[in-house]
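Protein sequences, first through last, are from chains A and B. Numbering follows UniProt numbering, with no gaps: position 154 of the first sequence is 154. Numbering follows UniProt numbering, with no gaps: position 10 of the second sequence is 10.
Since the hints were derived computationally from the structure, they do not count as laboratory data. There is no bait here: all hints are sound.
From chain A, some residues computed to sit far from chain B (all C-beta separations above 10 Å):
hint, residue
1, V121
2, Y160
3, P179
4, S216
5, G249
6, F258
7, E324
8, D351
9, P377
10, A387
11, E388
12, K393
13, I416
14, P417
As a list, the in silico DSS-like pairs of lysine-lysine whose alpha-carbon atoms are at most 30 Å apart:
hint, chain 1, residue 1, chain 2, residue 2
15, B, K234, A, K556
16, A, K31, A, K44
17, B, K357, A, K6
18, B, K31, A, K349
19, B, K44, A, K90
Using N, Cα and C, we set each Cβ at its ideal position, and we do this for glycine too.
Protein chains: 2
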Amino acid sequence: MSLFEKNVVGVLGGGQLGRMLIEAANRLNIKVIVLDSENAPAKKIHAHGDHIAGKFTNKESIEELAKSCDVITVEIEHVNTYVLEGVSEKVMIEPSWRTIRTIQDKFLQKEHLRKHSIPVVPYREVRENTVEELAAIGEDLGYPFMLKSKTNAYDGRGNYPVRSKDDLGPSLDFLTDRPLYGEKWAPFKIELAVNVVQTKNGVLSFPTVETIHEDSICKLVYAPPRGVSSSIQKRAQELARKTVAAFEGKGVYGVEMFLLDDAAQTLLINEIAPRPHNSGHHTIESCGMSQYDAHLRAILDFPIPAKSLELRQPAVMLNILGGETRDSHLRITEAALSVPNASIHLYDKGDARPGRKMGHITVAGPTENAAQAAITPLIDLVDKLRAERSDIKTPSPAIAKPAPTVIVTMGSDSDIPVLVDGIKLLERFGIATEVNITSAHRTPDYMALYAAEAASQGVKVIIAAAGGAAHLPGMAASHTILPVIGVPVKPSKTDGMDSLLSIVQMPRGIPVATVGIDNGINAALLAARIVGTFDPAVAEALEEYIGGMEREVMAKSEKIKKIGWEEYLKQMKK
Amino acid sequence: MSLFEKNVVGVLGGGQLGRMLIEAANRLNIKVIVLDSENAPAKKIHAHGDHIAGKFTNKESIEELAKSCDVITVEIEHVNTYVLEGVSEKVMIEPSWRTIRTIQDKFLQKEHLRKHSIPVVPYREVRENTVEELAAIGEDLGYPFMLKSKTNAYDGRGNYPVRSKDDLGPSLDFLTDRPLYGEKWAPFKIELAVNVVQTKNGVLSFPTVETIHEDSICKLVYAPPRGVSSSIQKRAQELARKTVAAFEGKGVYGVEMFLLDDAAQTLLINEIAPRPHNSGHHTIESCGMSQYDAHLRAILDFPIPAKSLELRQPAVMLNILGGETRDSHLRITEAALSVPNASIHLYDKGDARPGRKMGHITVAGPTENAAQAAITPLIDLVDKLRAERSDIKTPSPAIAKPAPTVIVTMGSDSDIPVLVDGIKLLERFGIATEVNITSAHRTPDYMALYAAEAASQGVKVIIAAAGGAAHLPGMAASHTILPVIGVPVKPSKTDGMDSLLSIVQMPRGIPVATVGIDNGINAALLAARIVGTFDPAVAEALEEYIGGMEREVMAKSEKIKKIGWEEYLKQMKK
Chain A
1 MSLFEKNVVG VLGGGQLGRM LIEAANRLNI KVIVLDSENA PAKKIHAHGD
51 HIAGKFTNKE SIEELAKSCD VITVEIEHVN TYVLEGVSEK VMIEPSWRTI
101 RTIQDKFLQK EHLRKHSIPV VPYREVRENT VEELAAIGED LGYPFMLKSK
151 TNAYDGRGNY PVRSKDDLGP SLDFLTDRPL YGEKWAPFKI ELAVNVVQTK
201 NGVLSFPTVE TIHEDSICKL VYAPPRGVSS SIQKRAQELA RKTVAAFEGK
251 GVYGVEMFLL DDAAQTLLIN EIAPRPHNSG HHTIESCGMS QYDAHLRAIL
301 DFPIPAKSLE LRQPAVMLNI LGGETRDSHL RITEAALSVP NASIHLYDKG
351 DARPGRKMGH ITVAGPTENA AQAAITPLID LVDKLRAERS DIKTPSPAIA
401 KPAPTVIVTM GSDSDIPVLV DGIKLLERFG IATEVNITSA HRTPDYMALY
451 AAEAASQGVK VIIAAAGGAA HLPGMAASHT ILPVIGVPVK PSKTDGMDSL
501 LSIVQMPRGI PVATVGIDNG INAALLAARI VGTFDPAVAE ALEEYIGGME
551 REVMAKSEKI KKIGWEEYLK QMKK
Chain B
1 MSLFEKNVVG VLGGGQLGRM LIEAANRLNI KVIVLDSENA PAKKIHAHGD
51 HIAGKFTNKE SIEELAKSCD VITVEIEHVN TYVLEGVSEK VMIEPSWRTI
101 RTIQDKFLQK EHLRKHSIPV VPYREVRENT VEELAAIGED LGYPFMLKSK
151 TNAYDGRGNY PVRSKDDLGP SLDFLTDRPL YGEKWAPFKI ELAVNVVQTK
201 NGVLSFPTVE TIHEDSICKL VYAPPRGVSS SIQKRAQELA RKTVAAFEGK
251 GVYGVEMFLL DDAAQTLLIN EIAPRPHNSG HHTIESCGMS QYDAHLRAIL
301 DFPIPAKSLE LRQPAVMLNI LGGETRDSHL RITEAALSVP NASIHLYDKG
351 DARPGRKMGH ITVAGPTENA AQAAITPLID LVDKLRAERS DIKTPSPAIA
401 KPAPTVIVTM GSDSDIPVLV DGIKLLERFG IATEVNITSA HRTPDYMALY
451 AAEAASQGVK VIIAAAGGAA HLPGMAASHT ILPVIGVPVK PSKTDGMDSL
501 LSIVQMPRGI PVATVGIDNG INAALLAARI VGTFDPAVAE ALEEYIGGME
551 REVMAKSEKI KKIGWEEYLK QMKK
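So here's chain A without its partners, still in its complex pose (with noise of 0.2 Å):
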């Protein structure tokens, strides 16, 4: 039997989540059909007339859906999954309802990881919303801690964080009569997430995110996440499919967790849904494979190569909200078209209100800073606009500048002469580089954790300058896989090859690029070959460059030929 029979997708839901995954779906000639509101967004970019206009919690709507595919998923985890059980023998349900049904629950949810050993933030049941019972709970948790709704809580609805005692009365008051529990506030250092997408065969995981809030709803995501190394991206990975494999059904997951500031670096799952998620909306042009078109392959026994689920290139990803007037959000899109390599999407959702999201910007580039750097501008305008919403009284914390290409580094800053010309070089070709002194003798520890952490801060390559026993780049060298370029510096006692030697005679493992001695332009013009193999526009920069050192050397034959060597000499001593 061919693939492309017996595909036809029922999806509870019809927002963003599930017009994106109607984009993939479209591609792929697979019919869903949506079970939402009329007008809803997915319904808009896909014709027929077989959606169902009703509330994805009506049980006629979902058993007349369950007619007409041959299976169901969902864009949203607060569904009817009492009606999907019932359904269950007609039609194939992914997730299971059972999975859905515990995840809808967060406190559920959390008593499953808990019972799968997967790590979580301690947290308590709220038996009785009284002000006694929360006293209990903060005397237990300790303060500040966050009261959450059991159910319907998303995008910050929901929450209310209780910094002290006096909190309480207000806590209870904000969340009524809603089930409730409370949470172990996270001394987190990084907000991490990880789509996982559960297969008929097994769990694969897309790249490790870092995801920022604001207002308790995503507002960036950063892939790869900023400044944590790949040893610990490939443990939050570990950590999102463990999660994951403790559910049943197939389809993608989204796993947000917190990366504790502790010696550990330890990782706690902060929450689970079960479908596609906002932090995954950057693999529709960072990834070989969206999360979309994963969720549609997973959900229907297609296959998924895992290769495809790598980052083809470093993304970040700013969601557009609505603000205080009706078209804040088409002013940040509006400034979106003219941002190199900006990808926008817009759902058509209508009506804006304040922090509802009406569409997202990704923006990916060969480096990470080339895509921090192109989106900076709109996080700029998107702080502007939440700053004359009314709604909001606290400003946005500023957002760290871009990461650097290039590391230029030396032992001591009396070689800094030697580095100056290759530096501006840099400058001029738009390559952002950071400059430092580590010392490889006075600042071992320093040096070592500089160069080890520099890959997971988006550098690409580090040039070391160093004279003498000259053991910066070498040592630099083995705590990173960057290719490191060194610079042997001639100290005043010798001609330079006890710098030259010990920088270039690296043992078998390690290589160190060594230029000429005292030669930092040289140092400079290596490292943005190297990013030139990548970027084009530093590529084209450096045969520009190029073509004018040819230019300007045929000049000075064509100049000597003419006025002679004699006077050529002249007029070169003045």
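Since chain A is already given, all that's left is putting chain B on it; use the hints.
What follows is chain B alone, placed relative to chain A:
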């Protein structure tokens, strides 16, 4: 006024190009009204009641469309330009009806290009469809020549190759009463194409690509083109922009050209399309903006950042054509589901006919090798399915094997022992490597050519080994902008310092990344570190390798502590 007002687009034709145009429009909340038959592929992904059912040549239908749109564009040039002219007072037509009228008649198109001093293949109008007239043209253009229909010719329909006088009669029979012209056979080395965007502010271009045609239908597109230098690629873009500037009207144009096999590397324009083009499908994945997004932005006067049109990663596009059986194209699609990084686009066209474009597949990758190697099995399958077709007799020409990513070269075959371990390591890391011998002194021209062409072949790094007056690495670096890694080889009569210094002490301007004497393995590791900056699979392999080295040394340390140094030494000597 917001850019997002007054932006209803009408499009004549609702095939795959219209469909992909609507994919882009959906992401920008742009309403597109399609004029085509009821179930046209484009209409299926854009649900509203305002599409118009009818022929895009029908007067009433076009007039109806004009009433509801702000701008009308085309996805096919075979439209009724007289009706467009009639409605052009009421609605913008982009590109201009004049341009479409000129281009839809290939003879007029050629005349127009000639008038604007654009180099084209020599051609001759057929004034009377008689064998005598054709014989005179054959005399003039020489054999073989192409007999072409002036109008309604596409995907090979309307062309007849006249190989000798014997073909004159049959060619007339085949093309019967159509208006004809003859075109000289261009002895081209390669076919190139450039997608050009004409905006209100000027002309921009997407990257130059290589197109491979089979049975006069586009089969494959390589971005960048294989073995074409960046200067020729730039020249092709310039020519394409100049060509499009000779036409009136905004939007994307497809410009096809021949690169001749002559000393001047002449470029001749073959054909223009006043619309997005098959040669630009790859832009969806490989560029910062697709040709479809660019077309919409151009006709609506939205901004287009030039940088977004650059290539993000090398890519190969393969068309999925209908074959001998109803499911031939589905067999290709099913195979593509298992190909890493393969993005599949089906057009939902219903029944397949042999040669009908049913979809396409784009594979992007960190290197030319990655993209080419991944798609190779699909090309083989396409060729196999084509061989099953009863309407075709000729076999598919073989596609060259994928480009290498690293070249390892040496001045003399006596250097090879130094390089062997490194070559094996590159293979183990999955880095496609080509090994050759080029002597800077004995084959100076070959060496120069080799280095100069490496980048355009998809090579990212050159490793060059030499001994004594070791000029090969430095001279190779002088002919390329790729990073060149130099391996000094110890000659039999010296300690190798001559080799080292003649490699590392390069003048300012041309760097060589020098490793230790005879340290071929470090050269390979350095190449891997460079490739690892943009290829995550290689970065991962490097991390494993370094982990392995660490474990190996730690094990030795444990052993020497356990058995004592005397015993250790004894065992070492064995």
